[in-house]
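Enquirer: So you can see what is in the structure, the chains are spelled out below.
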Amino acid sequence: MAKKQLVRVKVNGHERQAEVEPRLLLVHFIREVLGLRGTHVGCDTSHCGACTVVLDGKTVKSCTMFAPQADGCELLTVEGLMRNGTLHPLQEGFKEEHGLQCGFCTPGMLMSSYVLLQKNKKPTEEDIRWGISGNLCRCTGYQNIVKAVLYAAAKMGGGAK
Amino acid sequence: MIHPTTPEVGGMGHSIKRKEDLRFIQGKGNYVDDVHLPDMVYGHMVRSPYAHARLKSINTEKAKAHPGVLAIITGEDLAKANLAWMPTLYFDKQMVLATGKVLFQSQEVAFVVAEDRYTAADAAELVDVEYEELPVLVDPHKATDPTSPILREDREEKSNHIFHWEVGDKAATDKAFQDAAVKANVHAIFQRCHPAPLETCGCVADFNRATGRLTVYLTSQAPHAHRTLFALVGGIPENNIRVISPDIGGGFGNKVPIYPGYVCSVVASLTLGRPVKWIETRSENLQSTGFARDYHMTAELAADKDGKIQALRVKTLADHGAFNAAAQPTKFPAGLFSICTGAYDYPNAFCEVDGVYTNKAPGGIAYRCSFRVTEAAYLIERAVDVLARELKVDPVELREKNFIRPEQFPYKSPLGWSFDSGNYQAAMDLALKKVGYAELRKEQEEKRKKGELMGIGVSSFVEIVGAGPAHTFDIVGIKMFDSAEIRVHPTGKAICRMGTKSQGQGHETTYAQIVAQELGIPAADVLVEEGDTDTAPYGLGTYASRSTPVSGAATAVAARKIREKAKKIAAHLLECGEEDLEWEPGKFFVKGAPSKAKTIQEIAFAAYTNLPQGMEAGLEAVDYYDPPNLTFPFGTYICVVDIDKGTGEVKVRRFVAVDDCGNVINPMIVDGQIHGGLTEGLAIAFMQQIDYDENGNVQGGSFMDYLLPTAVETPNWETDKTCTPSPHHPLGAKGVGESPNVGSPAAFVNAVVDALAHLGVRHIDMPVTPWKVWTILKEKGVVS
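Chains A and B supply the protein sequences, listed in that same order.
Taking my numbering, I'd label the letters of the first sequence as residues 97 to 257.
Taking my numbering, I'd label the letters of the second sequence as residues 594 to 1377.
Bear in mind the hints are in silico, worked out from the structure with no lab data behind them.
Yeah, the Cβ is synthetic: ideal placement off N, Cα and C, and Gly gets one too.
One or more of the hints may lead you astray.
Between beta-carbon pairs, the in silico distance windows are [stated by the list, open to error]:
1) B:Ser1377 <-> A:Gln214: 44 to 50 Å
2) A:Arg119 <-> B:Lys1026: 57 to 63 Å
3) B:Pro1062 <-> A:Gly153: 39 to 45 Å
4) B:Lys649 <-> A:Gly131: 41 to 47 Å
5) A:Arg119 <-> B:His754: 47 to 53 Å
6) A:Ser229 <-> B:Pro739: 37 to 43 Å
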């Protein structure tokens, strides 16, 4: 076994660190070392996007990175979306617009949508469809997810173009 | 007639927001891989690279010596405990871990247990298995050739033929064909595909040596049935087994069977006395767990010259893979395939199905449908379109001419089903109006003149869901009732426990709405709990759209039992006779004096504090509901496609879905179910296929090449509904979750074929890929 490496991250505003095997995938670091199990694993080829988190402001599929590659980075996971006990407008939108069924893709969807709305405050439906095209959902047919993101955009002061 | 309730109560028909969402949107769901127990260890499966090979030897020495490895289990080890094989859900058996030989690629060969996930995977690489390759049988049509290898040497019958099943009147049907003015036939393959829920299968088996109890956290659509099977197969007393289905990340039929990984995890936990977690990878999920379909079907229709259908004849070859692990509880080897007569009224039908073994993964599960209903609906809806071409009439006109009429219900189908209710013309009318059918046909004509390819596809499907009447359906002999148990607390709040298990369908909300409807207790005050066999009443689980038809009915009946007792208490409190009382959701009041009333909350309190003399305390009821019949949801779907001649790409321009599932519990949730099912139908029609090369190597064994639609390929669905209540369901409801997946594949394919019909195209097999379409365009000289 290779020598363990120290990984220091700021996750959802909190400094965390741990010594891990260099080959440990970031998603397993998040789930099993940090204990944040809202981030899911749905495939083994980086297609499904269930493991999407925000790393230094960009979405990343956390199964495509080793934990040591995230050393010194800032991470946002689904657990960090709520502020002061209030749901993020995206979380609210997913609930109001029935944007989830089994809930397994939801954390990844939320994180991709979060970054989309950071970059594009007034997304069109098509912008949203492309924005979440790295995330697979088997339950909803995406239609209500699109509505949920539009709901959040409107609530955050943007709204459709 | 459903008594209206206020939005605050949230009974039937209210689109209340889902109660389960709060935990999921915060990342606080509890899926099986989130279960984390002290001292937990991990399992990893060693799998066969060959589709058919003799096992010469398995050397586990190196793997055993790997630091962190705790145990390695092989088929020989399991054989000592008589566990090398397990029964499937359909009169066959399946290897847990291979002994003697392997029969499909990725078959389970050994199970490695180690302190952590990575170590287990490392050690699996060190297990040295020596194979001797055997001739491979891939093509089901060659299964009974004398030159083909016999796959199942364990069976007495030395043949790859599993069953022949037939239903209907062969002689009368043959005669109708002899006399028919017009005949049409289609050979359609419903390709092998996989449900691929976003969460794969997995478990945590936790045997506690101190108490002798085994707790299994399991991705199970049927936790009680699985507990009984563990008891029957493993010999563990059933009271010492607790199956917990935590949150499930989608099922679609994939999580009905018991898989070797579960059994190995249980054996490992029994051996080690520690919790063992096994979570399959996506590739393992696609390559080894329950595939669906793989039906090679021929349908022939006979009609008179006016287009009145006289007979249907169906011949089907079913590829069941290496073991017949069809997860279906009917008494018929091809499940409910005999629903293939469709929405049409004709006197004669004959259907025969032969099942065979091949060197492919086992399964035959009902992927988002009742058992083989999707295959049946696809076949008849394709065949009717082909007949319309033959007769040179519009496919809508032909359907309308042959629809079973509303006054014919209950309708006895020529293959023996009693359709409970329907109004097929109403759904068709609404769909035609919504899509603007006549204008679309004009547009198509214009486009054809310009050489543009546009198609309109119609599907008027009928489903058969809600297994089932106990006389026809069982799992290992256990009748297919389902259950609900409701307890009303002293403060008027309630808990409802079910024999079913949601995988995303929204049960925590919809069952609460049924209680709200029947008792007037606001849905917000009703906690719905499923999936823990220690607490929930026995049930057969959630699949085949049976939750609302069976457990939903049980919930209504249990609530009505509570209402009966509540009435006695109300009469006691109001000092009147029971016959003087009237009910409206939430209260009993004295006839003619509505102010003299007792609310359900007041009655609940009295049930614990102020009872009539001699009455037992408490306010609760349980019901085990055996439905008198299945429910028959239906609808009309119309799909409009445009085809890019340069690339062969099909673009779904519009898709109108009119569904009829009787009375609706939560319209928002029903709409969501339709969206999701249509998207899976789209995926099946255009993308999803598990194929095999001539050596039995699985193609489509990962998300690299098993294609699923993203938000970009998925169109906006236009949904609407008609309402024909089920006459026998206590709430007039029918199942709905699977209708869109059952009804839509034919609409997609019919649309593509319609776009190419003037070129002489009559059928294209799914998945309708751009390559297939482009190849046809090239053959027809449309593109060079």
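Enquirer: If a hint holds in the structure, say so; if it does not, say that too.
Expert: Hint check:
1. B:Ser1377 <-> A:Gln214: 44 to 50 Å: holds, 48 Å
2. A:Arg119 <-> B:Lys1026: 57 to 63 Å: Given a distance of about 60 Å, which is inside 57 to 63 Å, the answer is holds.
3. B:Pro1062 <-> A:Gly153: 39 to 45 Å: Since B:Pro1062 and A:Gly153 have Cβ atoms about 58 Å apart, the given range 39 to 45 Å is violated.
4. B:Lys649 <-> A:Gly131: 41 to 47 Å: Check passed, 45 Å falls within 41 to 47 Å.
5. A:Arg119 <-> B:His754: 47 to 53 Å: Since A:Arg119 and B:His754 have Cβ atoms about 49 Å apart, the given range 47 to 53 Å holds.
6. A:Ser229 <-> B:Pro739: 37 to 43 Å: violated, 51 Å
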